[in-house]
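First to last, the sequence lines map onto chains A and B. Taking our numbering, the leading residue of the first sequence gets 1259, the next gets one more, and so forth. Taking our numbering, the leading residue of the second sequence gets 68, the next gets one more, and so forth.
If you're looking for bench data, these hints aren't it; they were derived computationally from the structure. Here a beta-carbon is modelled for each residue, glycine too, at the ideal position from N, C-alpha and C. Hints are supplied without guarantee of correctness; some may be wrong.
[Claimed, not checked] Residues on chain B that point at chain A, a partial pick, calculated with CB under 8 Å:
| hint | residue |
| --- | --- |
| 1 | LEU71 |
| 2 | THR74 |
| 3 | PRO75 |
| 4 | ILE78 |
| 5 | GLY128 |
| 6 | LEU131 |
| 7 | ALA136 |
| 8 | THR139 |
[Stated by the list, open to error] From the derived model, a few chain B residues whose C-beta atoms are all more than 10 Å from chain A:
| hint | residue |
| --- | --- |
| 9 | GLY77 |
| 10 | VAL80 |
| 11 | ASN86 |
| 12 | ALA94 |
| 13 | PRO97 |
| 14 | ARG98 |
| 15 | THR101 |
| 16 | GLY106 |
| 17 | VAL107 |
| 18 | LEU109 |
| 19 | ARG126 |
| 20 | ALA132 |
| 21 | ASN146 |
| 22 | PHE150 |
[Unchecked claim] From the derived model, a few chain B residues whose C-beta atoms are all more than 10 Å from chain A:
| hint | residue |
| --- | --- |
| 23 | GLY69 |
| 24 | ALA76 |
| 25 | LEU85 |
| 26 | VAL102 |
| 27 | GLY122 |
| 28 | SER124 |
| 29 | VAL125 |
| 30 | VAL127 |
| 31 | PHE130 |
| 32 | SER135 |
| 33 | LEU151 |
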Amino acid sequence: MTILQVALDVPVARLFDYAADVGDAVGKRVLVPFGRRELVGVVMSCSPASEVPAEQLRAVTRILPGSALPGEWLQLVGFCSRYYHHPAGEVAALALPPGLRRGEALPRPAPPGAWIPTPAGIEAAPSLGARSLERRLMEGARQAGTLDRPTVAAMSARARAAVRVLVERGWLEPVEAVPDLAPVGALPLHDAQAGAVSAIAAALGRFDTFLLHGVTGSGKTEVYLHAIAAALARGGQALMLVPEIALTPQLEGRVAGRFPGARLVSLHSGMGEAARSRGFLQAKAGQADIVLGTRLAVFTPLPRLALVVVDEEHDASFRQQDGMRYSARDVAVLRARQRGVPVVLGSATPSLESFHHARSGRYRLLKLEQRAVAASLPTVRCIDLRGARLHEGLAPALVEAIEARLARGEQSLVFLNRRGYAPVLACPACGWVSGCDHCSANMVLHLADRLLRCHHCGVQHPIPRACPTCGNQDIQPFGRGTQRLEDALQALFPAARVLRVDRDSAATAQRWQVLCARIHAGEADILVGTQMLAKGHDFPRLTLVGVLNADASLFASDFRAGERLFAQLMQVGGRSGRAELPGEVLIQTSYPEHPLYQALRQHDFDRYAGVLLEERRNAGFPPFAFQALLRAEAPQMAQALAFLGEALKVAGALGHDAVTTYEAVPMRLARVAGLERARLLVEARRRPALHAFLDAWLERIRGQRVPRGLRWHVEVDPGEL
Amino acid sequence: MGVLRHTPAGIPVLQFRLNHRSRQTEAGLPRDVTVEVAGVALGPQARLLAGAALGSSVRVGGFLAERSARSTQPVIHVNEIEFLEQDNVQR
């Protein structure tokens, strides 16, 4: 009998021992009894004996079919569990596609790519009717040596069935088609791109981290594709992570077009569960050459992994915000190190962490300072709002600039990072505002849907007919969201085609595809968009970007706010003038002399990033310190604060000198979905000190009783404070 | 007269100014009076007024309220409207 250590998807930070009559089941999925339920788990290790008394030890119900998860995958799960201080079972569940997590039957393996004739088949073929389909299939296979799927499909509608019969008779034998991995239609590289590609190609076969820092439109994707070609040519698999589901279809098209023979697997949460399981297993079996996906794809097993690419590495969507709060970018770097392969982090606006590592020599910096197609970067100007007369939030200079684009048949984008019609509905008579009952936030007016909606908890109500407090019917929207801006622009330019792109108008990947196609086809003159439009897109006729309400983020309290705003504006500005037409960016601001806007005007990322890094160094913030947050949420703020206060006492009793713990404080958005939230920050100058402390501290906290309704979690390397 | 607008719930609102001119008695003596006040009408009354020509003569009833929580200026909220024959009106 063997004892299996099983990772189960339960919030308990340990593995569970079960007995089984097998030799080795490491990496297998198992069905086990757990309390009165049955759960699916993953066998992390095996041992001959257990510390659990024999009478308490339960037996595995059954070992699920399918090949074992590879050792490197189990190691990755183990590492994430330790690093993010999260139960291994929950990590394993997160890292598996939902179908496999639930222990469903494995989807059928991908059909074979080709068939070869067997000697028996060649011998028997002449016995077939001279004109029969079977005869023609056998003859074709004999002459060409193989019969591939397209040939079969082209022959007749009945050919697939005929092949099946021939396989059953043992006259044909299925084989895996040998993919043709050669790239087609590769674009010529400029010098800096070529230099970057050869540096990455030279590192294939060993661990190295590259920061590909290229200005917007500098052709980073082309560098990735060339590097992937080099990895495939060595017989390797490439893993490419992208921030948004919305961005994958375009990139997928480009990758598929470049490598028409390669087996490309896409993985993102917008896909069907069966497709996700199939992609995962295909990659695991080594039958995928390129895996392209969002953050969850970082956990795909890849036996021949040769290269990892993380596009837009600064992007916040690489961070998971619930369950195990991990950074897919950081996990990607870890994976590359674990596997001894190079990883390329690409961005026009690298995160300060990566920028710092590149400056200190830990990452190798590859710079692309020229745009690939356009002659130059767009001109960036500030429109001083002081004393300006705005029309519906638009300064005259911006309106004129849009007018000029319309006259030339070019596209404009007006960027406003706030969806809905107006951020709040208010009563001018008594001062009532549309607060959410469950959150410390306002309900946003969505006029098109005739709803008030909370963007934090998702609750929605019909728009009240009158002020709930005083009865005044003339309640009014205050402030401006993309819907209101869309209306205003349409009223200003009645003949123009105004297209709004935000999470409401592009709620699904399909709708986003339709919008995107319309923009590309030139069926829109003025785009109104949120950050959805800021990332990665390439619209050749877009020559003007107007930025509204950027000042709102200028003085935000989060220490990363400046970094994020700078990156966001540089990214959105980078959408203009990417092709032959020159681009312009106009930023409406009341603080045109602010260093952030000055740096944007000069396209000087390095200098401003340097300034921000110096501020971080002086303040002792990341990347010069390592942080973790303990967060608690409870029906009452006092409960959350009391729990954290206890945790602080426990920390004091542990006496770790190298770690600083701060007071528990309510979170900025204190109440969400009826729960009140507080946090406690822990900081250390060195990472190992932080983790040693967390190990000891969290173990003590896990042993504590918590009041009903209180939940807590820890976030390592938090993205926001 | 302003442009007819709608509240987010779809109720029509019309803002306008009302001109009044009359002869009144004050401390026993007659005098001429003129006044212009801001007015607002909601719902059917807003539609009714929006259809009227600028300068039409009306007799209105309603109530006074402050313009907003931040202003003490009175605004007449019109609940009843009676359009008067042009002939009866002194211009």
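Next item on the list: Of all the hints given earlier, name the ones this structure violates by number, lowest first.
Entry: 1, 5, 6, 8, 9, 10, 17, 18, 20, 24, 32
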